[in-house]
Amino acid sequence: MAVEHAVVGQLAEHAAHTSSESGGIPELPNLISVLSERFHEVPAVAFLHHWENLVFSCIVALALCLIAWRHARTPAMIPRGGQNVLELLVESIDTFVRSVIGKAGRQHTPFIGTLFLYIWFINLSGLIPGMKSSTSSLNTTLGLALVVFCYVQWVRLATLGPLGYLDHMAGSPRLTNPWLLPIMIPVHLLLFGLELIGEFIKPISLSLRLGFNVFAEDVLLAVLVGLGISAGAALHLPFGVPIQFFVIPLVLIFSTVQALVFSLLSSVYIALMLPHTEHH
Amino acid sequence: MPQSYQAMLALTVPLSLGLAALASAFGLGRAVSAAMDAIARQPEAGGQIQTAMIIGCALIEALTIYVLVIAFVLQGKIGG
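Note that the protein sequences, when read in sequence, are chains D and A. Residue numbers for the first sequence follow the numbering used here, so the first one is 1 and each next one is one higher. Residue numbers for the second sequence follow the numbering used here, so the first one is 281 and each next one is one higher.
One chain only, chain A, in its complex shape (with noise of 0.2 Å):
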């Protein structure tokens, strides 16, 4: 483990983007194929689907823009 908090910030800072991209694209990835298979079967209601993916995707990227943001505030104090 390292010493100093700036070695620990600069080892987890990364990997915890990284983890919060990883359950991002799970979640995003089965928003979209559970849509993809409601247009596959009734195409006449792709353009509601088409919304309502997006807007569910919107909700889902949220959630990896929080983490995002503490990145950014935690990376400034890497470096002293």
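Pulled out of the complex, with its shape left as it was, chain D reads as follows (with noise of 0.2 Å):
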């Protein structure tokens, strides 16, 4: 008895520990997380530490292009196991894609489905004992959707020519009819306030929504965690009692869902840079 409490007790412990060094939110502990309470003097676990977040980004962009280089690096003309799912994969993300781009979609393809592939590995790797999803930090949603900002930026530049650019943000004044044309200035410099306003607040939705997500789930089964442990200390058991599977499945269609909603958007925004001239 004196050793199941002690273990549920060391188990609270450092829940506790990690929550008070996130000011109070509880955190699960991570591969990191746990060498860097044990040996934090030593630089290499303190710089592990620091840039814990990039450093799970990394192991699921290594274990992407593992999986890729494994299958397909010699494509057959019938594909067979591995390359079949890679080969559904790219082919759903394709229709996808062009069902809100259109037919020259297919060539904005590799960055959203890069996009796509890269949040939702990110999002899964979380469940996995001992990793934690970069996503849950901002740091990492926003540097993802400053790229997705700079992407739809140059697509626009590059289709419409800096002209054609400005013309497209102050609800094209080349298109309206010369005699209102003086009536009409006011009118589109309010557009293209209002335009220059919703271009810089695209990105911060887009990773304040994934952000916002992903630490939810985090913070929640961390507290689910700590319950069952509880739960658990309670009824004088060795372990806790996992509440948290309960919820697993909920984690699972949210981590898709906004890694689908997140590559959508993407793929609108780009589908809005192309010009529309029947609007007029």
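These aren't lab readings, by the way, just hints derived from the structure by calculation. Just so you know, these numbers come straight off a predicted model, no measurement behind them. Worth double-checking, as some hints may not be accurate.
Unchecked claim - Pair by pair, the computed Cβ-Cβ distance ranges are:
{"#": "1", "chain 1": "A", "residue 1": "Q355", "chain 2": "D", "residue 2": "F200", "range": "22 to 32 Å"}
{"#": "2", "chain 1": "A", "residue 1": "L343", "chain 2": "D", "residue 2": "N139", "range": "16 to 26 Å"}
{"#": "3", "chain 1": "D", "residue 1": "W51", "chain 2": "A", "residue 2": "L343", "range": "30 to 40 Å"}
Stated by the list, open to error - A short, non-exhaustive set of chain D residues, derived as facing chain A with CB atoms under 10 Å:
{"#": "4", "residue": "I25"}
{"#": "5", "residue": "F96"}
{"#": "6", "residue": "I253"}
{"#": "7", "residue": "L265"}
C-beta atoms are modelled at their ideal positions from N, C-alpha and C, and glycine is treated no differently.
With the hints as a guide, dock the two chains, each given alone in a separate frame, to form the complex.
So this is what it looks like as structure tokens:
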């Protein structure tokens, strides 16, 4: 009985320690946080702890590269096994992107597909014990949103040219009746200002949505694990009651949905960039 | 009205969460009911409608999640 209490007490103490670190918000321990608690004087461990999110996202990126390299190295005409799964993924993402952007969407499929797979795998990797989803931190999601922002602005500049870019933002003053132009100038300036603000809101909302969703899932799991440990201690069990298993299907669904929404919104922003001249 | 800011926080943080959940329930209810009507009208478009419904629900849910995170941040300040 004393051994069980000691084990459960140690678990609860570790959970409390990690939560007091992040300002009262409980978080599940991962490999790096466990290491850094024991060996925080070692410079290598301090380095890993400082760049915790980057390390985990690099692990996921390496895993994706390994999977792609192993299965797509020598493509066969009739796909089998891993190549079949990869082709299924690529084809469904291609259909998805083309349904949003139209026929010209095929050139944007690599970007959107990479975004979707990367975010999806990072979100799912948080469920593996010992790992943490990097997207739970706003730093990672803001980086991803900035990449999307730069890509979208570049696509617009490349398809419309610099004059067409400003023109598109101002609501196409080149298409208005020349007689009405002096009266319409304030309207176009207002439209320009609104669209400028909108362009900056888009990456902010993308990053906040993804980051807060994944963070909330992490905290939910951590709170349930803490409750399970307290329940286990109350029932005199040597382990905690695994309540968090009831929530894991919800976490799986939401991780996939958030990755999907991020890539869908990115493709919608790309589609909005293309000229829609039948507007007026 | 409570005098200390902690008591005020303890009063308003759960209220705000409840309000966000209420508003989100209204919005999601409307979205899902519209999706069900559409599927009942045209069962062969069911897959597309389901996908669109899931994406719409994620966008509505995001607003509630914003409130949840602020609640997490503020509840750490209660209790000194």
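Hint by hint, here is what the structure shows:
For Q355 of chain A and F200 of chain D, the Cβ-Cβ distance of about 30 Å falls inside the hinted range of 22 to 32 Å, so the restraint holds. Checked against the hint of 16 to 26 Å, the pair L343 of chain A and N139 of chain D passes, with Cβ atoms roughly 22 Å apart. The supplied range of 30 to 40 Å is met by W51 of chain D and L343 of chain A, whose beta-carbon atoms lie about 32 Å from each other. Because the beta carbon of I25 of chain D sits about 5 Å from the nearest beta carbon in chain A, less than 10 Å, this interface hint is met.
Interface restraint check: F96 of chain D against chain A, minimum CB-CB distance 9 Å, threshold 10 Å, status holds. Residue-level restraint check for I253 of chain D holds (minimum Cβ-Cβ distance to chain A is 9 Å; threshold 10 Å). With 10 Å as the threshold, the beta carbon of L265 of chain D comes within range of chain A, its nearest partner Cβ sitting at about 8 Å, so the hint holds.
When held up to the earlier numbered hints, the structure conflicts with none and fits them all.
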